[in-house]
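J.: Letter by letter, the chains look like this.
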Amino acid sequence: MFVLSVIAAAFFAFAEYRGLFIVPPDRMMGDVYRILFVHVPSAWMSMLFFLLSFVGSAGYLIRRSPAWDRLSYCAAEVGLVMNGLALFLGSVWGKPTWGVWWTWDPRLTTTALLFVMYSGYLILRRLINDPDRRAKVAASVGLLIFLNVPLVYMSVKWWRSLHQVQSNPNSMDPSMVVSLRLSAFAFLAVCLLLLIFRLRLAKKEADLEERLSLPPEGPGAPRAPQSKVTT
Amino acid sequence: MDMAVEMLGAGKRYGAHWVLSRLNVSIRRGDTVAIFGKNGSGKSTFLKMIATLVAPSTGSVLILGHDVRKDKGPIRRRIRMLGHEKQLYDALTARENLRLAGDLLGIPAPERDAKIGHILDRLQISRLADRRIDELSEGTKKRVVLGRLILSQERTDLLLLDEPHPTLDDEGRRILDDLISEWKSQGKTILLSSHDHAQALRHAHRLLIIADGTVGYDGAPK
Amino acid sequence: MNLFFRQTLAIFRKDLAMEVREGHHLVSIVLFGVLLLLLFSFALSVDPELMRRMAPGLLWLAVFFTSILSLSHAFRKETEDGQWDGLLLLGTDPRALYLGKLMTNLALVLLFQAVLLPMMAIFFDQSLPLSLGVSLFLGSLGIATVGTLYAGLTASFREGQLLLPLLLFPMLVPVLLCSVNVTALALAHDLFGQQRAWLKLLILFDTIFLLGSLLFAETLFDRS
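Chains as they are written, first to last, in my numbering: chain A, 33 to 263; chain B, 198 to 419; chain C, 431 to 654.
In case anyone wonders, no lab produced these hints; they're calculated from the structure. Treat the hints with care, as some may be off.
What the hints assert, rightly or not - Within a straight-line C-alpha distance of at most 20 Å, the following computed DMTMM-like cross-link-like pairs (lysine to aspartate or glutamate) qualify:
(1) B:K235 <-> B:D409
(2) C:K507 <-> B:D409
(3) B:K267 <-> C:E479
Claimed, not checked - Derived, one-sided and incomplete: chain B residues facing chain A with beta-carbon distance under 7 Å:
(4) Y211
(5) G212
(6) A213
(7) P307
Because the structure is a prediction, the values reported are computed rather than measured. All residues carry an ideal CB built from backbone N, CA and C; glycine is no exception.
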């Protein structure tokens with residue numbers, strides 16, 4: 033794991049260095065555009081990890097195993113961090129290029145609302161003490177959030193639209209495209225590692241909670257229950 | 198099916214705290230069981246688990262042959278519970294509360310009203326039936342709750358009574374004891390929790406003591 | 431099936447009876463909505479043209495905030511003394527509980543509309559065509575479906591009331607956007623004209639949210 037982390041960190045450093053210093057500047061925006069190499073991948077990562085969180089929620093409702101629930105909230109956390117980063121960087125990029133810090137177009141609105149929704153999801157989890165009920169409720173809310181995303185996007189899109197037309201790879205200098213892809217993979221590697229570490233931590237927390245909380249066994253007491261026994 | 202309650206390795210956890218654990222309990226139909234335990238021992242949670250209001254974190258719990266995790270509907274149709282909370286609507290009258298219960302239970306309207314009439318008479322609260330709940334005394338409110346218990350007693354197999362005697366006056370307790378005797382003779386299973394040990398043991402021939410979240414004693418009363 | 435609807439209606443009737451008897455809660459909630467509209471009007475009074483254009487948006491904002499209050503209120507009575515558990519123990523289908531509450535909340539939101547609409551007409555200088563009723567009903571339905579689900583869910587938590595707006599608002603954005611648009615169109619007497627796509631969209635959203643909420647009510651409205 034440690035080796036993998038080092039490799040990922042090195043790759044990340046390389047990808048960002050290339051994007052930030054080596055690749056030529058944009059025709060129109062000059063050097064400002066370089067923020068794209070961090071902003072775009074973080075946006076992509078947030079979408080990917082929110083999707084993973086949705087998969088975790090659905091998985092829990094189908095399988096009822098705590099592992100799916102852990103996937104759901106760990107992925108939500110990583111996704112939320114990336115989301116926040118994307119929103120912040122997008123805003124920073126927006127000021128010099130569009131002239132405004134913020135605008136309510138479909139993509140931005142959906143991204144901002146996702147931030148609110150998943151924050152709500154994580155807060156909701158903290159309010160429920162019963163682990164089974166928490167998992168069930170969180171999974172349901174997770175599905176509802178995800179159901180809402182296309183609806184939000186659709187409705188705002190009809191409302192108005194002025195987000196940057198998504199650059200096709202064709203309209204970008206090849207070395208920029210390469211850099212963007214490199215950066216995307218670097219982000220993916222780092223985020224996946226984050227997820228794995230977070231999942232491990234979550235599993236340890238769950239195990240510790242279970243072990244710490246069983247009352248001490250007295251002499252002759254029947255064996256403590258280990259796992260769910262269903263008929 | 199002749200088992201009312203079957204618990205195997207059941208437990209309940211909130212956060213890091215196991216409120217109940219290592220529950221292995223079998224209660225046959227028709228039994229009357231007294232349940233004792235200090236405050237905070239997990240007694241009420243135990244009863245709520247049987248009532249399907251609280252899902253077990255671990256182990257299996259079968260009530261009247263149905264799994265509480267999967268078949269709550271059939272269980273709730275055949276059990277009734279009297280808990281710490283009165284579950285009455287303060288702004289409505291006693292009669293309206295009972296009518297609501299009748300509707301939810303699916304009792305046809307004329308039959309429902311007739312039954313409510315009988316019940317109010319039996320519980321001696323007929324003249325208070327059309328007063329708002331928040332205008333009634335605690336003892337009277339408790340009788341209304343008892344009334345709700347009786348509403349569907351033909352199809353009730355299991356009764357859970359969590360400390361029913363407090364707040365009832367002497368007359369109320371007498372009515373309650375009569376009811377319990379009646380239910381016993383009808384072959385219903387009764388779980389009766391009480392701090393008044395003598396009172397409970399008048400009815401029960403078996404005793405369960407809950408201590409520290411698990412069964413400390415299970416057998417004949419001594 | 432029969433029992434299900436009987437339970438739904440029983441809950442709706444009970445709620446109505448309680449609201450009628452304890453009307454003072456509702457009055458204070460409605461007054462809050464009126465106050466909001468007054469403040470909006472006052473804040474924008476320097477530019478009457480702007481005010482007219484913003485009327486639909488401000489109306490729905492006022493409706494939204496008022497609804498949050500009444501949604502929380504609608505479930506407070508169920509958690510004061512274990513009433514919710516009581517309903518479930520009597521064999522109430524959680525979905526019937528949801529539907530009954532939905533009917534109550536829809537009635538309440540429509541009631542607010544009935545008060546806030548004339549206020550809007552007065553303060554924002556609007557005339558009120560009949561087609562407005564359609565837009566108001568559909569928007570209110572959208573708010574009531576998701577609102578009832580989330581309000582019921584958060585009613586049982588200590589700080590649930592604080593969490594409700596946070597959870598509810600993003601879910602309502604599609605409905606609110608459509609409602610504002612549809613209302614604006616109705617006010618311009620153009621509801622069924624070229625822009626009736628917005629109306630169709632609102633109906634679509636309402637349907638999705640109603641079915642979705644019913645689906646999830648079974649899990650979220652049970653206790654265990």
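J.: If a hint holds in the structure, say so; if it does not, say that too.
T.: For each hint, the structure was consulted:
no., hint, in the structure
1, B:K235 <-> B:D409, "holds, 9 Å"
2, C:K507 <-> B:D409, "violated, 33 Å"
3, B:K267 <-> C:E479, "violated, 60 Å"
4, Y211, "holds, 4 Å"
5, G212, "holds, 5 Å"
6, A213, "holds, 4 Å"
7, P307, "violated, 40 Å"
This entry does not satisfy hints 2, 3, 7, going by the numbered hints stated previously.
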